[in-house]
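Protein chains: 2
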Amino acid sequence: MTLILSNEDVDALLTMPECIAALEEAYRELAFGRGTNRRRSDSLVPTASPDALYALKTMDGIAPKLGVSAVRINSDIVTWPQRSGTKRREKIPAAPNSRWVGLVLLFSTETGEPLAIFPDGYMQRMRVGAANGLGVKYLARQDARTVGLLGSGWQAGAQLMAVTAVRNIECIRCYSPNAEHRATFARATTETIGVDVTPVGSAEDAVKGADIVMCATNTIDNVFFERWLEPGMHLSSIKRPELEPAAIKRADRVVIHTHDAAPMHITTPGLIVPDKEEGKGWNLMKEINFDTLPTLPQLIAGRTPGRGLPEHITCFLNNIGMGYQFAAVGAVVYRKAKAQGRGREVPTEWFTQDVHP
Amino acid sequence: MTLILSNEDVDALLTMPECIAALEEAYRELAFGRGTNRRRSDSLVPTASPDALYALKTMDGIAPKLGVSAVRINSDIVTWPQRSGTKRREKIPAAPNSRWVGLVLLFSTETGEPLAIFPDGYMQRMRVGAANGLGVKYLARQDARTVGLLGSGWQAGAQLMAVTAVRNIECIRCYSPNAEHRATFARATTETIGVDVTPVGSAEDAVKGADIVMCATNTIDNVFFERWLEPGMHLSSIKRPELEPAAIKRADRVVIHTHDAAPMHITTPGLIVPDKEEGKGWNLMKEINFDTLPTLPQLIAGRTPGRGLPEHITCFLNNIGMGYQFAAVGAVVYRKAKAQGRGREVPTEWFTQDVHP
Chain C
1 MTLILSNEDV DALLTMPECI AALEEAYREL AFGRGTNRRR SDSLVPTASP DALYALKTMD
61 GIAPKLGVSA VRINSDIVTW PQRSGTKRRE KIPAAPNSRW VGLVLLFSTE TGEPLAIFPD
121 GYMQRMRVGA ANGLGVKYLA RQDARTVGLL GSGWQAGAQL MAVTAVRNIE CIRCYSPNAE
181 HRATFARATT ETIGVDVTPV GSAEDAVKGA DIVMCATNTI DNVFFERWLE PGMHLSSIKR
241 PELEPAAIKR ADRVVIHTHD AAPMHITTPG LIVPDKEEGK GWNLMKEINF DTLPTLPQLI
301 AGRTPGRGLP EHITCFLNNI GMGYQFAAVG AVVYRKAKAQ GRGREVPTEW FTQDVHP
Chain Y
1 MTLILSNEDV DALLTMPECI AALEEAYREL AFGRGTNRRR SDSLVPTASP DALYALKTMD
61 GIAPKLGVSA VRINSDIVTW PQRSGTKRRE KIPAAPNSRW VGLVLLFSTE TGEPLAIFPD
121 GYMQRMRVGA ANGLGVKYLA RQDARTVGLL GSGWQAGAQL MAVTAVRNIE CIRCYSPNAE
181 HRATFARATT ETIGVDVTPV GSAEDAVKGA DIVMCATNTI DNVFFERWLE PGMHLSSIKR
241 PELEPAAIKR ADRVVIHTHD AAPMHITTPG LIVPDKEEGK GWNLMKEINF DTLPTLPQLI
301 AGRTPGRGLP EHITCFLNNI GMGYQFAAVG AVVYRKAKAQ GRGREVPTEW FTQDVHP
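Keeping their order, the protein sequence lines are chains C and Y. So for the first sequence, the working numbering puts the first residue at 1; every next one is plus one. So for the second sequence, the working numbering puts the first residue at 1; every next one is plus one.
Warning: the hint list may mix true and false statements.
Identical chains blur together in the list; that is why a pair holds if it fits in one copy or across any two.
Said to hold, decoys possible - Only pairs whose alpha carbons sit at most 20 angstroms apart, straight line, appear in this in silico SDA-like list of lysine to any residue:
(1) 57 - 260
(2) 65 - 230
(3) 65 - 42
(4) 91 - 64
(5) 338 - 350
FYI, nobody ran anything at the bench for these hints, they're computed from the structure.
Bound conformation, chain C alone (with noise of 0.2 angstroms):
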């Protein structure tokens, strides 16, 4: 039987300690060489509507260990509406019920079967916690006791959630421009992860003494700056430009998510396309040769050196998604759903054959 899963399933079973610890593992078999990544495509085409393109956007990995492949697909309609006098890109959830399409499909490597299809809202999220919560493990002092946290969006709470469980975190203070939401955010996130989470009235409020520093805005200007920088901080972010790139600069110790950062673009002739790179922190991020930082894997499997010295001051940038991580978290949902029998099955014939393709 193929297994289908809800969000609510993918949220019910997994943690972030698993999923950390599933990425961790996976991170170190892709650095020795033991696991594929098929870069991320970005098909784009226009449709009825001047204001919006549909994207196709296609990746995939093989995680062999965990006996798993991944295929994520997200198919979208696009719009890039003025928010507070930027360009905003937003998927619109243009599906039937006001619903958005992302799915990732699980395949076994050992019989090919398709194991499970499910939507992938929830493991996205929970993986770029992860990745940037391996940063935090590897990076940061392990004294580290105080968060600064910038966003208050979907992504900041599992910046959170990774945090926490990477670092003994006593006190996280959390800035976002409205007051409102990030009140709310503060209140359910200390719920959620059990540590006191203190809105507070100003970016500077929020990273002032902090040990760490999280960025989860989906903003496109910079948000950190190398002013602001105190000996022994780790900067960590998920989107580049959300960090000046003196301050990225500075910091003693820099790591990159991935080298395999630029997407394949593929769109008919003469598409404009409005760049998500356009806006001012992604222009001063032209000053900085990503290509030459050392990656995650790399610092996981230690062939790269993590922090040297308490004071240093340490980064690191989350910059694309894989369809690995999809692979290796999606192993462990997948396992975890089958011994706990959650989920719907349905007949794995629906999705093989008996011709030969």
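With the hints as your guide, set chain Y onto chain C.
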């Protein structure tokens, strides 16, 4: 609702003339820049068996005019056994009940939603046949009446369905090395297509005097030779090494399926993949620069001339599949399935989500 279709559904819903018509229009759209194709990627890793590899093959494409995008996924255990002196690439049906795994997922470009999921086997064969059928339609003589077929396997049948859909074929001679197999094939296909298929004892007997020569083998050595060429012949191949390079070179007009030819290869470092291009036929093919040949979409769109004189020799080379073909043909199958109430309906909510991925 999302439709789950079987190969039998695809077979019942899709006729060869419809498949040809859908691809003809889709290739024209592609030639005019109104569609995208993301070229095939083949990811390969070792398995527990030293003789087998696991292969994850994906391709995708968008046909905006039809409102459909497609992702095709093949998840295979691959071996390279020796068969009659040459290494053949063979996929093992390792999924439960000895089945193979090849899937097509169709999405709406208007809403993003998954429209249908079905195995790729039947459509795979139909779209190969249809592409070669279009080669015949645009290149062979209008008065072509006889076909010489080399091969009597799964693909060979679709080639005959296609050629009889575009020309008034009266006589078909078929050769393949196994006498029993070619006799069985001839009997069965005569019934299917309503034109007499005569098994003959040699390749030369099959092609001598034929207006159209169709090669539909899975060999990696030449099966058709320059010395067999006759004025006015059209040559059709599903795999380039079937034709002796000298035969291709002597043709007055040669058209190739697509320039999007080389798949991305992603393997674990140092993995030895028995090269399917290592046969004698492939080596000889290195004499020809395929990248400079006009493509089928260009031919259909009138951007490159078709046949010139009746005595000219023409040649169509099918090289690699495109995800885009599955979008175009998939759109036809999906619409007919909906109209006829065919297939298994499952809730689209299984494959969509209420969180922004």
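For each hint, the structure was consulted:
For a Cα distance limit of 20 angstroms, the shortest separation of residue 57 from residue 260 qualifies both inside one copy, at 15 angstroms, and across copies, at 19 angstroms. For a Cα distance limit of 20 angstroms, the shortest separation of residue 65 from residue 230 qualifies neither inside one copy, at 41 angstroms, nor across copies, at 56 angstroms. In this homomeric assembly, residue 65 and residue 42 come within 20 angstroms of each other (Cα to Cα) only across copies, at 19 angstroms, whereas the closest approach inside a single copy is 28 angstroms. When the C-alpha separation of residue 91 and residue 64 is checked against a cutoff of 20 angstroms, the pair qualifies only between copies, where the shortest distance is 18 angstroms, while the shortest distance within a copy is 33 angstroms.
Taking CA atoms no more than 20 angstroms apart as the test, residue 338 paired with residue 350 passes in both settings, with 19 angstroms inside one copy and 18 angstroms between copies.
Checked against the numbered hints above, the structure breaks only hint 2 and satisfies the rest.
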